[in-house]
Structures are given as C-alpha cells and as structure tokens.
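K.L.:
Below are the chains, spelled out letter by letter.
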Amino acid sequence: MSGVLDPTRAGEALAPELVVGVPAEPDRLAASESAQALQAALRAAYPSRPAVAVVLTGDPRGAAPPGDLLAPASPEGEPPAVYTGSHDGLEAALPTLLEVELSLGAPACALLEPMPRPADPTWMRQLLDPVLDGSFDLVAPAYARGRFDGVLVTGVVYPLTRALFGQRLRQPLGREVVVSRALAERLLADGAWRTDPSSATADLWVIAKAAAHETRIAQVYLGPRTRPPPQPADVSQAVARVLGTVFQDMALHAPRWQRVRGSRPVPTFGEEHLPGEPNPPPAAGPLVSAFELGWQDLRALWGAVLPPQTMLALQRIARDPPEAFRMPDAVWARVVYDFAVGWRVKIMDREQLLRSMTPLYLGWVASFVNEVGGLGRPETEARVERLCEAFEAEKPYLISRWRWPDRFTP
Amino acid sequence: MWERVSQVLAEAFGRLGAALAADLPALVAMVVVLAGGVALAFAVRAGLRRLLARVGLDRRAREWGLTTGRGIEPQHEPSWLVARGAFWFLVLLSVALSLDVLGAATTTAVGHSLLAFLPRLVVGAVVLLVGVGAARFLERSVLIGAVNLGIRQARPLSLAVKWFLLVLAAAMALEHVGVGGGLPTLAFGIVLGGLVLTASLALGLGARDAVSRALDRQLPAEGPHPTEDPRENPRRIQHL
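Residue numbers (our numbering), protein chains in the order written: chain A, 1 to 410; chain B, 1 to 240.
Bear in mind the hints are in silico, worked out from the structure with no lab data behind them.
Cβ coordinates follow ideal geometry from the N, Cα and C atoms, glycine included.
There may be inaccurate statements among the hints.
[Unchecked claim] Cβ-to-Cβ under 7 Å is the rule here; a few derived chain B residues that face chain A:
#  : residue
1  : E63
2  : T67
3  : R140
4  : V142
5  : I144
6  : Q153
7  : R155
8  : P156
9  : L157
10 : V161
11 : R236
12 : H239
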C-alpha cells in the first residue's frame, strides 16, 4: 500500500489513531488551510492521541511536488501532508483516505469538507468518539438546515433510503463520513472501485453499502452548516445525478432491501440546532407552473412509466390552483417507485427518464411549500415523518413492481 | 398438303425442342438459384431474429426512442422488422442473380442493374433508420430540456427538431439511393434556407423586445430586476 500512497511530506504522527482527510479538489488552497485548522482542532480535542490531518488527491498530475508547500506555515503548525491515492478523478478522496487509514494503521478516519468550523473542538469529539470507542463503524455528520434547504434529500433521498434500508439516517447524501478500520478494509476490498469507479465514489455509495450490510451506523448533529453544499446549475441536473445514484444503489442492493420491513432510528449524537425564526416560504406559483407545463408536454412520456391510476391522480392534482396544490404522499411515493422501476428496466434512456421527473419533483416541492410554509420546524419534521411512513407503507408496491415489472406495465 | 403441314409442324416442334434443350439448363439453374436464395433468406431471417433478441435490440430501440415499448405486436418490434428487411433483401438478391444466371441479354441487364441498385438501397435504408432514431431521441431530449427550462412552446420546438432531422435523413437517403438526382438536396436547401430566413425575420421583427429583455437579464452590470419579488426567486430553495 505504501507504494501506492505518495505523501509530499512525511506524516507528522507515526501510527496515528486518527486520520482526518480533506479533498484537495476543487480548491487545493482551501483544502490545505482547512486541513491545518483541522489539525489544530485535533490537537485541542485529543491532546494525548496522535492524529493527523491530510489533504487527499486522486490525480497524480494535480499533486504538488514534494517540498512544495500548499499553504504558508501558520502558527498552528506546518502545512499538511498531501496524499495521492491510486484512484483517479475528482472523487478519489474517499478511496485515498481509506488507503491512508489502512497503511498508517489508524483505527478511525474521517473525510470532511473544507469549510469553517467552530473554534470549540467539542464538535470534533462528538464526531469521532463513536468510532474511536469502538461503538460504531460509520458515523454520518448531519447539519441543522432550513426547512427549504436540501429539499431533494427531504422529499426523495431520505424517505426512499429509509424505506429501503430501514435506517432513519436524516442526511444520507453527505459527502462527509467517519469510518472505522474494519469498515475501511471491507470497503476497499469491494470490487466496485475497479469495475464501476463512478458509482463507488458517489455520495451515497458508502452509506448504502453500510446500511445494506448491518453495519453499526450513527449520525452526529454538528450544528448549522457554515457553507451550503454546491448547488447544480439547474434542478433537472441535480434530480438526474442524485436519483441516478440512489437508483443504482437500489439495483445493487435489491436482494437485501426487499427483505427489510419498516425502519428503526439510528443512534444520534449532538443536538439538532434548529434555525430560530422560520424564513418566509418561497412562492409555490412558479413550482406549480413547472408541474403544469410538465403535465401538458411530458404526459405521454410519463404514461410509459406510470400506471393509469397514478396518471389519473396526477390529472386531478394538475387542476388544483397553486395555493391549494397538494400531492398526496402515497401518490408521490408511487411516482418515485415507478421511476425507479423504469430506470431499472431501461424503459427509455436513463438520463432522459430522470430529467423528465423534474416537473413531478417540483410539483411535490410546491405541495411541500404549501403544507409547511406556515409551520415551525418541529411540525415540519412531523410532516416529513408522515411522508416517510407513506414510503414505507407503499414499499410492497415497489417490491411487486421491482420483481415483476412487466405485470404492471401500463 | 397434309404431308406438308405435318412436315412444318415437325420442323416447328423440332426447333422448339432444340431451343428448350438449349435453354433448359439455364432455366433449371435459375430456379435452383431462386430456391436457394429464398431458403437462405428464411434461414437468415430466423437467425437474425434470435441474434437480435439476444443482443436486446428491441430494448435498445425503446431506450433510444425508436419505439414506445407499449402495445407493440411482436411482429412490429424492430428485431422482426430488421429480420424481415434482411429476408426481402436476400429474396431480391436471389431474383437478380437468377435473372443473371438465365443468360438472356435482357434479363442479364435487369439483373445487373438490380444488383448494382440493391447495396445503395440498403445503405439508404440504414441512413433513414439512423435518422429516424436520432430524430426521435433528440425530439425527446429537446422536449424534456425545454420543459425543464420552462419554455411554453416546448412541444412545437421538439417537433421542429424532429422533422428537421427526418427531412435531413430522407434527403440524405434519397441522395444516396439516387432517386430524384440533385432534387432532394436542392429541395432540402431551399426548405432549410426558407426556415432560417423566416425565423430570422420573425425574431427580428416580432420578438425584438423579448430578445432585448433577455439580453438585459444576461448583462452582469444589471442588478436585480426592479419589479422582481424576492419571494419569487426559485434560488431560495436549496435542492441539495
């Protein structure tokens, strides 16, 4: 393994117990500065434990030559080491981190995004302790966000992954994870790194892999997110990318999730710091217009994916005025499930299929805005809980369609 | 007199017999070539059907938008159509060969011209088929993209793209087959030029204000639109 890894500077701590990695791409300087700050936080959080914060890159052409400092030395210490893994591309940070963890023999490692962190190192202990004390193999950080932040996760990814794998992980798409050594060994032994590297480096891959194999998972709330995740240029791009990843993991773990019934809470640490006053809700009108336009022009395409009863329900919804626009949870759950089946059987080009779902998704967002616009955060979470229960209740429908897609073909 | 009639008839039958004796081998060869070609066509059709089913042509055609995948009779699936096309191509080929085998000057010329025409016909059909596939795929792409961009005229736009590609493919196929000489190319050029001119005039005369507003929105120096309601801003929702 050491032949693969190429640190530009010798590690500061021999046999560290903790390795925290920051992806070098897309901003190497920010990554380097963030790693320096994380190193300081590690020293403050674990003064007696050897720990190292490194910058991770998967592109050998992008690695700084040895001795070339990425950031000027700061009072907190020297610039961090840069490790180049054996995987190419922008998404190579995770496999590189796992390689580093195994080669250095660290019992725990964490992949964190470069962003400003609280000065108090308590958050670091909250995040790493569950894995360090051996209680869990995977910890997923979660952040307190507004009601209308991450709505694609709220409306599709969270209910779907929860219904599939039975684990109530609120933010399963996070690019940050804390992984134990045992799980790192298992993940690196997976053949997907070689056979399908694009899916293996996708956001949901590790979470789905862990959830499908009875891994001990926990989630830790780290307070408000200081920097929002990068948003795609248009909604359909986000829908296609995220749902493509989720559906791919569905296909990958189909034998497993078909045996799962219901869901159970995931051990949660930290306090979910909710934003104070709710912001005024966005207008539902443009979202309803997007849905109506989709109903007008994409109805024929949807008819190839959705059964007649769902099309009938959508037809009724399309007649509602914007302020009364509601999409029933059961209908939305079936729409998502039907598109998953359509993706699986390749009823049309997959990219087109996923992008054609955008107006339906915007329709659900309009319904969500109308329903929770005047509610506080606890009531909003209760509403999301009801949505998740609907996804779980409709799971037998998904299983039937998944197993016998032709029988239900409209 | 009857002797003379008998003699003439005998001579006529003699000549007919001689002619038959001379041409019979060629006729038999023609029938053999024709029968062999038809038998080969049946075998190729059956083999192609199995091969195309194995490689999943019907599924791929559904993905590419060539078919809808709904309510299609098995004999109308693309794999059947390709197999049937190959069958008729081989039948025509065997007819051309059999005419050539017959050896008569007229039939040989017909056979030769048929043999020369068939490859062009096949390539023309392939060009048309690929064009139809590309047209339907791009029609769907444009339709979905336009709807997601909120364009009200998404359907006419996608139909325009589809028909443009269909006409282009048809013109290319006819040009390759050699039907109509340079007429398809000329007609296509005239139609395309007319469409571009019409669109330019429509944009310049009818939608000048809309273009001006669109350019204004793109200019970086411009601030937010004065009448824009911040609550209408869809960026208030973070999807990820």
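K.L.:
For each hint, tell me whether it holds in the structure or not.
P.N.:
Evaluation of the provided hints:
1. E63: 5 Å, holds
2. T67: 10 Å, violated
3. R140: At 6 Å from the nearest chain A Cβ, R140 of chain B passes the 7 Å test, so the hint holds.
4. V142: Violated - the Cβ of V142 of chain B stays beyond 7 Å from chain A, reaching only about 11 Å at its closest.
5. I144: Since chain A brings a Cβ to about 5 Å from I144 of chain B, closer than 7 Å, the hint holds.
6. Q153: With a minimum Cβ separation of about 10 Å from chain A (threshold 7 Å), the hint on Q153 of chain B is violated.
7. R155: 5 Å, holds
8. P156: 10 Å, violated
9. L157: 10 Å, violated
10. V161: 14 Å, violated
11. R236: Given a least distance of 4 Å, the restraint on R236 of chain B holds.
12. H239: 4 Å, holds
In terms of the numbered hints stated before, the structure departs from hints 2, 4, 6, 8, 9, 10, listed from lowest to highest.
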